[in-house]
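Mind docking chain B on chain U? Use the hints.
Taken in order, these protein sequences are the chains called U and B. 1 is the number of the first residue of the first sequence in the numbering used here; add one for each residue after it. 1 is the number of the first residue of the second sequence in the numbering used here; add one for each residue after it.
Source of the hints: derived by calculation from the structure; they are not laboratory data. All of these numbers come straight from a predicted model, not from anything done at the bench. Take the hints with a grain of salt, since some may be wrong.
As the list claims (entries may be wrong) - Here are the simulated lysine-lysine pairs, DSS-like style, with alpha carbons at most 27 Å apart:
#	chain 1	residue 1	chain 2	residue 2
1	U	Lys345	U	Lys166
2	U	Lys275	U	Lys345
3	U	Lys73	B	Lys70
4	U	Lys400	B	Lys178
5	B	Lys70	B	Lys147
6	B	Lys147	B	Lys178
7	U	Lys116	B	Lys147
8	U	Lys345	U	Lys400
9	U	Lys166	U	Lys275
10	U	Lys416	U	Lys400
11	B	Lys147	U	Lys73
12	U	Lys116	U	Lys166
13	U	Lys345	U	Lys116
14	B	Lys178	B	Lys70
15	U	Lys345	B	Lys147
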Amino acid sequence: MHKLPCLGSAPPLSAPLSSAPLLSTPLPSTTLSSITLIAVALMAAAPAQARVLVVQPGADAQERLQTALIDAKTGDTVRLSAGRFALGDGLSLDVAGVTVAGAGPGRTILDFTGQKGEGEGLLITASNVLVRDLAVENARGNGIKSKGSDGISFVNLRVEWTGGPKASNGAYGVYPVASQHVLIDRVFVRGASDAGIYVGQSQQIIVRGNRAEGNVAGIEIENSYYADVHDNVATGNTGGILVFDLPDLPQQGGHGVRLFHNQVVANNLPNFAGKGNIVASVPPGTGVMVMANRDIHVFDNDIGGNNGNGVMIVAYPRSFTDVNYNPLPRAIMVRDNRYAGNGGKPAFPGGVEIAGALGGTLPPVMWDGVTGYTIPGGGGATADAGVMVSDGPMVNLNLKMQGAPPTAAQPALAAKATATLPEPPLVVLPAAQEARAARTAAR
Amino acid sequence: MRRLPVLLAALLTISAAPPPMVDAARLVDETPAPTLSAYRLFVDRGARQPAPGVTRYTLNTPLFSDYAEKFRFAFLPAGTSAQYTAAGVLDFPIGTALVKTFAYPADFRRPDADVRFIETRLLVRRATGWVPLSYVWNAGQTEALLKRAGSRVAVDFIDATGRSRTIDYAVPNTNQCKQCHQQGGDVTPIGPTAGNLNDGHQLAEWAALGRLAGLPAEPPRLPRWDDGSAPVADRARAYLDVNCGHCHSRSGLASNSGLYLRFSETGAAAQGIFKRPVAAGRGSGGLSFAIVPGDPDASIIVHRMASNEPGVMMPQFGRSLPHAEGVALVRAYIAAMPPGTAPQY
Numbered sequence: 001m002h003k004l005p006c007l008g009s010a011p012p013l014s015a016p017l018s019s020a021p022l023l024s025t026p027l028p029s030t031t032l033s034s035i036t037l038i039a040v041a042l043m044a045a046a047p048a049q050a051r052v053l054v055v056q057p058g059a060d061a062q063e064r065l066q067t068a069l070i071d072a073k074t075g076d077t078v079r080l081s082a083g084r085f086a087l088g089d090g091l092s093l094d095v096a097g098v099t100v101a102g103a104g105p106g107r108t109i110l111d112f113t114g115q116k117g118e119g120e121g122l123l124i125t126a127s128n129v130l131v132r133d134l135a136v137e138n139a140r141g142n143g144i145k146s147k148g149s150d151g152i153s154f155v156n157l158r159v160e161w162t163g164g165p166k167a168s169n170g171a172y173g174v175y176p177v178a179s180q181h182v183l184i185d186r187v188f189v190r191g192a193s194d195a196g197i198y199v200g201q202s203q204q205i206i207v208r209g210n211r212a213e214g215n216v217a218g219i220e221i222e223n224s225y226y227a228d229v230h231d232n233v234a235t236g237n238t239g240g241i242l243v244f245d246l247p248d249l250p251q252q253g254g255h256g257v258r259l260f261h262n263q264v265v266a267n268n269l270p271n272f273a274g275k276g277n278i279v280a281s282v283p284p285g286t287g288v289m290v291m292a293n294r295d296i297h298v299f300d301n302d303i304g305g306n307n308g309n310g311v312m313i314v315a316y317p318r319s320f321t322d323v324n325y326n327p328l329p330r331a332i333m334v335r336d337n338r339y340a341g342n343g344g345k346p347a348f349p350g351g352v353e354i355a356g357a358l359g360g361t362l363p364p365v366m367w368d369g370v371t372g373y374t375i376p377g378g379g380g381a382t383a384d385a386g387v388m389v390s391d392g393p394m395v396n397l398n399l400k401m402q403g404a405p406p407t408a409a410q411p412a413l414a415a416k417a418t419a420t421l422p423e424p425p426l427v428v429l430p431a432a433q434e435a436r437a438a439r440t441a442a443r
Numbered sequence: 001m002r003r004l005p006v007l008l009a010a011l012l013t014i015s016a017a018p019p020p021m022v023d024a025a026r027l028v029d030e031t032p033a034p035t036l037s038a039y040r041l042f043v044d045r046g047a048r049q050p051a052p053g054v055t056r057y058t059l060n061t062p063l064f065s066d067y068a069e070k071f072r073f074a075f076l077p078a079g080t081s082a083q084y085t086a087a088g089v090l091d092f093p094i095g096t097a098l099v100k101t102f103a104y105p106a107d108f109r110r111p112d113a114d115v116r117f118i119e120t121r122l123l124v125r126r127a128t129g130w131v132p133l134s135y136v137w138n139a140g141q142t143e144a145l146l147k148r149a150g151s152r153v154a155v156d157f158i159d160a161t162g163r164s165r166t167i168d169y170a171v172p173n174t175n176q177c178k179q180c181h182q183q184g185g186d187v188t189p190i191g192p193t194a195g196n197l198n199d200g201h202q203l204a205e206w207a208a209l210g211r212l213a214g215l216p217a218e219p220p221r222l223p224r225w226d227d228g229s230a231p232v233a234d235r236a237r238a239y240l241d242v243n244c245g246h247c248h249s250r251s252g253l254a255s256n257s258g259l260y261l262r263f264s265e266t267g268a269a270a271q272g273i274f275k276r277p278v279a280a281g282r283g284s285g286g287l288s289f290a291i292v293p294g295d296p297d298a299s300i301i302v303h304r305m306a307s308n309e310p311g312v313m314m315p316q317f318g319r320s321l322p323h324a325e326g327v328a329l330v331r332a333y334i335a336a337m338p339p340g341t342a343p344q345y
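Okay, chain U solo, but in the shape it has when bound (with noise of 0.2 Å):
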C-alpha cells in the first residue's frame, strides 16, 4: 500500500483559494530563468512568457485541476503539488506544449479510487506534452493515454493498482496510442490487468529505464515502427516484453524494434486478463515474446528465471480475414542474451511434453516454425526472410503453417544461427524532447 499521507500540504480552504482556485504563480527568479531559457530554447512555437499553473490537492481537486489543464498553453507547466488529489472523474489535456508535473511519483498522486466516469485516469490529445514526477492510482480504465500526439513523453512516474492484480483493475498503465516520438522514461507500473507500459500503433518510440512488474504483459510494443526498448526491468509478470503486430487496424506491419540491456527476470504470474483480448493468451513464465511483425532485435538482455519460454518467437496465432495482415514473424535477430533458469515449468499447451522431449527443460528460445499462411480468400504466402537465434539454444517446433495446433508441434533443436540480419536504425527522438524530459525535477 502505498497510502502516504497528505504531507501536510492540503490547503486550508482559504477564501482566496476558493474563490480563486487556480493560483498563477510566478516562480522564483532563478527557477525562472532557467525554465525561461529552456522554454525559449526548446520551444520556438511558445509564447514568450510560458507560465506556472500551481494546482494543490484539497476540495474540488477535480475541478480545479481540470480547469489548469484547459487553461494552460503552449508552454506552461501545470504544476501538482505534494499530496493526494481525489479525483471523482478522468482527467483530459488537449493543449500542445504543456507539461504536467508533480513533486515527484511519492509526492503527488492522482487517486482516481472514486472514479465515476471516462475510461482513463488521464487522456492526452495534443502534441509535445511531457507528464512527469506523479503518480496515478487505481483508474477505473487506463491510467495515462495519449492519442495522436506527435512528442509525448512521460517520464519518472508511477501508476499502480494498488490492490495487487486483480482482473478489476485497469488495462493499460502508459499508454501512448496512434502517436509519434513517443518517450517512456522512469516509469514504474504494477497492477494492470493487459499492458503496464503499452506502446500501440505508434512511431519512433523510446521506452527506456522503466520498472514493470505484477501486470499481464510488462512492456508490450504492438503494431509499431521503430522502437528502442532497453535498460528496463519487467519482473513479476505473466510475459516480461511483448512485441505483438495484429489485423484489423489502421496501423499494422509493426517493424524496427529493439529489445536490449533489459532485465526480464521471472516473469511467472499467472494470467489475469480478459479472456478475447490477445495477451490474454500469453502463457505465464514467458520472458520475452515476438509474435508476427519484422525486422525484430532482441540481444544483451540477461533473460532468467522465466518458467516457460526465455525468448517465445510466434505467428499470430489466430484466424483472421484482413488480406493486408501479415501473420508471420520475419527477420527476427536474437543475440548476445544472458540466459539463466528459464524453461523449468512450462505453463502452455504440451509445453510439458515438450520440455521432457528435450530433458526436462525448456531451450531458452523457442520458435513456433510458423514459415507460411493462407491469404484469405485464397493463395499462400511464406515468409520473406528467417528467424535468426545466435544465441539459444532455441527449439523449432516446426508448426509450419500458420493455425496449425500445438498437438502438431514437431520440436526439434535447431542450430545455432550463424549470419546476422541487419539491424534497425537506433531511434533518435528530437533534442528538443530529449532535453524537455531531462530538466530535473523542480520541487
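For chain B alone, kept in the frame of chain U given last:
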C-alpha cells in the same frame, strides 16, 4: 411537441422586421460569454422561448444522455444559409450557433410539466472553427453559467414507468466535448446531418426559409431508432451511428480500435462482426468478439453498452445509466443476424 407554426411565424416576421435580437457578434467573440443570456438566444430568462431567428429542430435518432430531454435550436446569421452535404453534417455558415438544452421533467409521465433545465450546450462556428461551450443552469432556472471544467449535478426524476430515479448527471468539460466532436483535427457538430434531420419535412422547411441551399429532391434519411416499422438492423445501425460512430469512426477518438460504427460502414469486421478486441482490456468481459452474429450474450458491444462501470462502459462518458431500450435494440439486431461462419481458430 413541435411548435412549428409559431416558429414559422416568427421567422417570417423577422424577414421584414428589425434585425434579430440574437447577439451574433457576441457568439463569435473569442472570449465566451460567462452567461448564456448574454447571447440573447432566448427571449426569456429561463430560455424557454427562442429568439427570432433561432429555429428548433429535431433528430430522427438522438444520442442517449441518461434519458435527458433535449431541446435543439439552430441560429444562423441573418442572410446566411447552410449548404447541403450528402455525407456528414450540413455545412453551416460562420456565425452559426447550434444550441442544445438538456432537461428533465420531474415526472416523465407528464413530460411538459415541471421541466428542469440542467445545461445548455453551444457549438459556435467561429472563423477558426467550431467551439464547444457548456452553460449550467442555476437552481432558480434564471441563468446558466459557463462551465469549462465539467460538473456533476444530482438529478431526480420519475421515469416513464413511474419508477423514481436518481442520477449523477455529468456536465462534460471542454475537452470531453471535443473528444466526441473532433474528427481528424477539427471540431464538428454530430447530429445535424441531412440524414438525421430528414424527417420528411424539416429539411424542406429549412430550404423554404432560405436557411438551407442545395437540397436534393431525395436526401438520405437516417432511420428513427424507435420506429417499430423500420427494419431492426437499420434502426440499430442508426442508433450505433449516433451513439458510437463519432468516436468509432476512421478519424474519431477510437480510430485505433478498428471498430467503425458509422451507418455508412460496409466491412463486416469494421462493423464488429467476428472482430476481436484490441485494447479493450477488461472491457471485453471475457468475450472474444465485438459482435457474434445470432448471439448477443457473446457480443462485447452488448456487454459494454449494458455496463455502468468506468473502464468497461461504452460510451465512456455521457451517461451514468445504461440505455435499456438501446441495449434491447442492439441485442435484437445481433440476435437476428444469420449466424455466419465463426473463425475456425
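Hint check:
1. Taken as a hint, the U:Lys345 and U:Lys166 pair is honoured in the structure, with Cα atoms around 23 Å apart against an allowance of 27 Å.
2. Our distance criterion of 27 Å between C-alpha atoms is met by U:Lys275 and U:Lys345, whose separation comes to about 23 Å.
3. Taking the CA atoms of U:Lys73 and B:Lys70, the gap is about 33 Å. The hint is violated against a cut of 27 Å.
4. A distance of roughly 48 Å separates the Cα atoms of U:Lys400 and B:Lys178; the hinted pair therefore is violated under the 27 Å criterion.
5. Under the criterion of a C-alpha separation no larger than 27 Å, the hint pairing B:Lys70 with B:Lys147 is consistent with the structure, at around 19 Å.
6. At roughly 15 Å between alpha-carbon atoms, B:Lys147 and B:Lys178 fall within 27 Å of each other, so this suggested pair holds.
7. Straight-line distance between C-alpha atoms of U:Lys116 and B:Lys147 comes to about 19 Å, which keeps the hinted pair within the 27 Å bound.
8. At roughly 25 Å between alpha-carbon atoms, U:Lys345 and U:Lys400 fall within 27 Å of each other, so this suggested pair holds.
9. This hinted pair checks out: U:Lys166 and U:Lys275 have alpha carbons roughly 13 Å apart, not beyond 27 Å.
10. Distance check on the hinted pair: U:Lys416 and U:Lys400 sit about 19 Å apart at the alpha-carbon level, within 27 Å; holds.
11. Only pairs whose Cα atoms come within 27 Å are accepted, and B:Lys147 paired with U:Lys73 is accepted, the gap being roughly 18 Å.
12. A C-alpha spacing of about 19 Å is found between U:Lys116 and U:Lys166, which places the hinted pair at or below 27 Å, so the restraint holds.
13. This hinted pair does not check out: U:Lys345 and U:Lys116 have alpha carbons roughly 42 Å apart, beyond 27 Å.
14. For the hint pairing B:Lys178 with B:Lys70, the CA-to-CA distance comes to about 19 Å; that is within 27 Å, so the pair holds.
15. Our distance criterion of 27 Å between C-alpha atoms is broken by U:Lys345 and B:Lys147, whose separation comes to about 58 Å.
Violated hints, in rising order: 3, 4, 13 and 15; the structure is consistent with all others.
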